[in-house]
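Whenever a hint applies, use it, and build me the whole structure from the sequences.
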Amino acid sequence: MVRMVNVCKAYENGTKALKGISAEINDGEFVFLVGPSGSGKSTIIKLLTGEIAPTLGSIVVNGYDLEMIKPAQMPFLRRTLGVVFQDFRLIDKKNVYDNVAFAMHAVGASSRDIKRRVPYVLELVGLDTKTRRKPNELSGGEQQRVAIARALVNNPQLIIADEPTGNLDPARSLEIMTLMERINKLGTTVLVVTHEKELVNRFSKRVIAIDNGKVISDGMDGYYNYET
Amino acid sequence: MVRMVNVCKAYENGTKALKGISAEINDGEFVFLVGPSGSGKSTIIKLLTGEIAPTLGSIVVNGYDLEMIKPAQMPFLRRTLGVVFQDFRLIDKKNVYDNVAFAMHAVGASSRDIKRRVPYVLELVGLDTKTRRKPNELSGGEQQRVAIARALVNNPQLIIADEPTGNLDPARSLEIMTLMERINKLGTTVLVVTHEKELVNRFSKRVIAIDNGKVISDGMDGYYNYET
Amino acid sequence: MRRNRYSYFLREGINSIFTHGFMSFASVSIIVACLIIMGSFTLLTINVQSMIKKWESENQMLAFVDEAFSNDQAKALEKDLRAIPNVADATFVSKDDALKSYLSQFGDNDLFKGIDSSVLRHRYIVHLKEIGKMEESKKQLEAVKGIAKVNAHLEISQGFVTITRIVSTVSIIIIVILLVISMFIMSNTIKLTTFDRREEIAIMKMVGATNAFIRWPFVFEGLILGFVGALIAFLLQWGIYYVLVIEINKSSTMKLIETVPFGQLALPLLGIFVATGLVVGAGGSLTVIRKYLNV
Amino acid sequence: MRRNRYSYFLREGINSIFTHGFMSFASVSIIVACLIIMGSFTLLTINVQSMIKKWESENQMLAFVDEAFSNDQAKALEKDLRAIPNVADATFVSKDDALKSYLSQFGDNDLFKGIDSSVLRHRYIVHLKEIGKMEESKKQLEAVKGIAKVNAHLEISQGFVTITRIVSTVSIIIIVILLVISMFIMSNTIKLTTFDRREEIAIMKMVGATNAFIRWPFVFEGLILGFVGALIAFLLQWGIYYVLVIEINKSSTMKLIETVPFGQLALPLLGIFVATGLVVGAGGSLTVIRKYLNV
Ligand SMILES: Nc1ncnc2c1ncn2[C@@H]1O[C@H](COP(=O)(O)OP(=O)(O)OP(=O)(O)O)[C@@H](O)[C@H]1O
Ligand SMILES: Nc1ncnc2c1ncn2[C@@H]1O[C@H](COP(=O)(O)OP(=O)(O)OP(=O)(O)O)[C@@H](O)[C@H]1O
Ligand SMILES: [Mg+2]
Ligand SMILES: [Mg+2]
Chain A
1 MVRMVNVCKA YENGTKALKG ISAEINDGEF VFLVGPSGSG KSTIIKLLTG EIAPTLGSIV
61 VNGYDLEMIK PAQMPFLRRT LGVVFQDFRL IDKKNVYDNV AFAMHAVGAS SRDIKRRVPY
121 VLELVGLDTK TRRKPNELSG GEQQRVAIAR ALVNNPQLII ADEPTGNLDP ARSLEIMTLM
181 ERINKLGTTV LVVTHEKELV NRFSKRVIAI DNGKVISDGM DGYYNYET
Chain B
229 MVRMVNVCKA YENGTKALKG ISAEINDGEF VFLVGPSGSG KSTIIKLLTG EIAPTLGSIV
289 VNGYDLEMIK PAQMPFLRRT LGVVFQDFRL IDKKNVYDNV AFAMHAVGAS SRDIKRRVPY
349 VLELVGLDTK TRRKPNELSG GEQQRVAIAR ALVNNPQLII ADEPTGNLDP ARSLEIMTLM
409 ERINKLGTTV LVVTHEKELV NRFSKRVIAI DNGKVISDGM DGYYNYET
Chain C
457 MRRNRYSYFL REGINSIFTH GFMSFASVSI IVACLIIMGS FTLLTINVQS MIKKWESENQ
517 MLAFVDEAFS NDQAKALEKD LRAIPNVADA TFVSKDDALK SYLSQFGDND LFKGIDSSVL
577 RHRYIVHLKE IGKMEESKKQ LEAVKGIAKV NAHLEISQGF VTITRIVSTV SIIIIVILLV
637 ISMFIMSNTI KLTTFDRREE IAIMKMVGAT NAFIRWPFVF EGLILGFVGA LIAFLLQWGI
697 YYVLVIEINK SSTMKLIETV PFGQLALPLL GIFVATGLVV GAGGSLTVIR KYLNV
Chain D
752 MRRNRYSYFL REGINSIFTH GFMSFASVSI IVACLIIMGS FTLLTINVQS MIKKWESENQ
812 MLAFVDEAFS NDQAKALEKD LRAIPNVADA TFVSKDDALK SYLSQFGDND LFKGIDSSVL
872 RHRYIVHLKE IGKMEESKKQ LEAVKGIAKV NAHLEISQGF VTITRIVSTV SIIIIVILLV
932 ISMFIMSNTI KLTTFDRREE IAIMKMVGAT NAFIRWPFVF EGLILGFVGA LIAFLLQWGI
992 YYVLVIEINK SSTMKLIETV PFGQLALPLL GIFVATGLVV GAGGSLTVIR KYLNV
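Chains as they are written, first to last, in my numbering: chain A, 1 to 228; chain B, 229 to 456; chain C, 457 to 751; chain D, 752 to 1046.
Everything hinted at is true.
Computed list of lysine to any residue pairs in SDA-like fashion (alpha-carbon distance at most 20 angstroms, straight line):
#1 Lys706(C) - Thr915(D)
#2 Lys413(B) - Lys433(B)
#3 Lys94(A) - Ile470(C)
#4 Lys205(A) - Met1(A)
#5 Lys115(A) - Asn460(C)
#6 Lys247(B) - Asn440(B)
#7 Lys322(B) - Ala337(B)
#8 Lys535(C) - Gly602(C)
#9 Lys93(A) - Ile470(C)
#10 Lys322(B) - Leu761(D)
#11 Lys94(A) - Tyr239(B)
#12 Lys16(A) - Glu365(B)
#13 Lys900(D) - Thr842(D)
#14 Lys134(A) - Ala658(C)
#15 Lys321(B) - Trp967(D)
#16 Lys647(C) - Ser775(D)
#17 Lys1042(D) - Gln301(B)
#18 Lys197(A) - Phe431(B)
#19 Lys747(C) - Asp652(C)
#20 Lys425(B) - Asn201(A)
#21 Lys509(C) - Ile917(D)
#22 Lys805(D) - Thr620(C)
#23 Lys589(C) - Phe616(C)
#24 Lys362(B) - Glu51(A)
#25 Lys274(B) - Leu1044(D)
#26 Lys1042(D) - Phe481(C)
#27 Lys46(A) - Ser367(B)
#28 Lys205(A) - Val31(A)
#29 Lys130(A) - Tyr239(B)
#30 Lys510(C) - Phe911(D)
#31 Lys1001(D) - Gly615(C)
#32 Lys509(C) - Phe911(D)
#33 Lys425(B) - Phe203(A)
#34 Lys1001(D) - Arg621(C)
#35 Lys46(A) - Leu56(A)
#36 Lys805(D) - Ile1008(D)
#37 Lys510(C) - Thr915(D)
#38 Lys134(A) - Asn471(C)
Read the hints as simulated data drawn from the structure, not as lab findings.
Printed below as a string of structure tokens:
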């Protein structure tokens, strides 16, 4: 469950990235977040993961109030989340398998679980033949799929994906999004940032559109309603 | 002018990324290169820029034969190219202006030309208000536009763009692609890698489709002919 | 479960050493370099001081026996002299022996011709354990019944004490300075080598790793690098010392230097090296990481 | 145009120092640390050697005048003695003065009572310029008409020569070792700090920059870091030396040490520091870059 009330964010250099965002995402929902480049989508995601703090407003994610949260609790909030970052954030020095396994080690999973689960999610994203590669030996789309696998591996309560298909071909994109939908059906909340109009329209889910740091529409119509 | 004859590329780890690619792009053409994730598109681009060497086959770019080229000549080949990399490759420590200006310094442009040209291209990509920002203070789409500006700034003979709109909203993407088309009309050759079916179909240009390291179609029909 | 985790951390630490090969190599070699600078100087100081000690022990004083004492009575004093704590040994020299020695020394001078040994006294050549306490020992010797007078070169005693004190002070100052500078260089190097890991750490935090989880592999890595550096430095130091000792014994002038055998120094040196290596390794990486953990 | 380019490279180099603040700081401080280790030891050696020189000059030998010579004849020998190249000075001591000195030395012994000064000889106390040539000088003194005999402690001469040689050899070895290790540490540090630039360099190459274009800013950066490090090290070294000299003069034992004034050492020290700094700065960054330039 995510609740943002009147959230504002100004970066150190003065950029007002968010100018009063309020939104609530209930458990089990599937939400698309859309908006033009620079409108503040990634900023929202960084706020939800606690990577940056809001200048104003309150944010509650999976029961953790981000205003009150102690640094020592932050890891436990993050363990309830599976995040696909826009810039992937893979560890260069670890291979595909270890990049994903690492996320399970971090939450204290047992070796047996890790050995069973990691190959499974890597197969889901179509990387089962490339587990020993380092990120720089992968294509852009493959790196993105490693990031997706890592977000899925811990069976999080909430999946947050920032442009998870920006580097994927239409067929792959559809596959990944279908996978997300399936996971959502099993009870996981999903929040996807995307520019892909076609995909948004095809899935008919709730769409929150922001522009210039403000919510400009929020509807169940599944329509990508930002247009030239 | 680009000519590839039976180009093969196997990476050190044995991956056969390209399995005999032949294609010719004449001066003044506008070509889309499409294909699924991991099919070898970025590999082709890295070959054209001389970043990696082919295992087999010959490549000629703007009159430079990449088999014969001396290391000392490489910079001069690259100065005839404007490349947008899939991972942007911006210098973290330099601000937007310097990232773009640097490319002009590198080719020995005069300060006067640099002072006139850089703001102009930054305005073209819509970043004129963010010239003093470092790359990590930009959104994903903004970083991508810096990369595009850098590719354009030296008025290259050939523009090569790897997913230049992967992080951009549909409106921006259309804008950038229209800009490319305009530049192409002025005589510059353009090669764009993209997954955006809609854009490809809209522009009605030559489309080279590859899959699994081979050319599977090459036509003037402007149709994104890779389908699920 | 717990043990399992630490073995994971250890494995991660070791992996990290290899994946950041150049950085690890640089840390270790700089640790080695610094330890050798420190170690060489410490060994030099120890040798110099052992040499001073040796020279010191060669210094002697003369205790003249009362003229009234017979040869046998004089000889009997020996155990009284040796009973004084600071006396290392006392050798009896009779009047006649003393004269012989004078004659052999000033023989070609007419001065001593015809002098009878009766004008001289029985005497003891006394060596002290600690030359610094010469004045006190002189008084104790004079207090012995039967000793008329003690001839001691107090200014030499003073000189030795001064030299020893100067050498000790100077070398302690230099060793401390070298230690501080070396620790600074080493921990700075470890900081440098972990500097480019801030992104890695940020990613780990984003995935839900606790600070402890991130810290431990770094600590192990630092400990291992420090330990390996210390071992290599120790072996190199040993080799250098060994070669130098051989060279010194070869050269005719340098042969005068009596070197302390490495065996005597090996264990404490190894201890100091390893301790410094571990402290610097773990400390260096911990301080860097602390900075990046606030993500 | 050309000049324009170099000013661009210089500006880029300077910018880079600031944008890579931590790295620059680390390089400079490690350069400073290494130079100070080297510098301190060199200064120590110079002082020790100047002290040995001084003690050496205090050593004396006795030249006895022929018994047949009168007081005035004996005195006249002085200029002959001084004419010998290695003689620093020669002081005349008459028979009577010699006896007085003997008596004051052995006065409480009955041995010398009633001895007439006529049994002694006129003599000269001779100081040498170079103690190492004592044997040769002794022969030259003996060759002077009127000098009957020369008493020289050849073994002391030998000892001094040995000590001087040992001190010189040991300190040259140590200085060379320190120099090599310090250069290694410094250039390794510069390598470490430029290590994370390989991506930057790869990007530059992709944009069409020539190797020279990439190299120059790095060279300037390295030179500036090396130069700044050398200057800071020099000032710190000066400060340390100054404080130590004050402390030495305060302490009663240490006052015996006569320190060489910093002024005499400043210029060569500065020269060496700056040269080492520049070589290490430019050399260190060049070697790293060379590796990355093959993109
Ligand atoms: N670290 C930062 N410091 C300063 N300004 C920033 C920073 N990160 C982002 N911004 C600015 O904040 C605004 C919103 O950025 P954000 O990354 O949220 O956009 P976005 O919606 O994700 O865009 P995109 O679709 O291009 O990724 C932009 O104008 C951007 O320039
Ligand atoms: N440095 C490398 N070492 C080894 N294999 C590599 C390397 N780079 C790419 N590959 C492999 O080569 C194949 C082609 O990669 P390439 O990057 O050309 O794909 P692409 O068409 O650009 O894909 P995408 O659309 O996902 O970016 C992939 O299977 C990839 O895993
Ligand atoms: Mg974004
Ligand atoms: Mg690619």
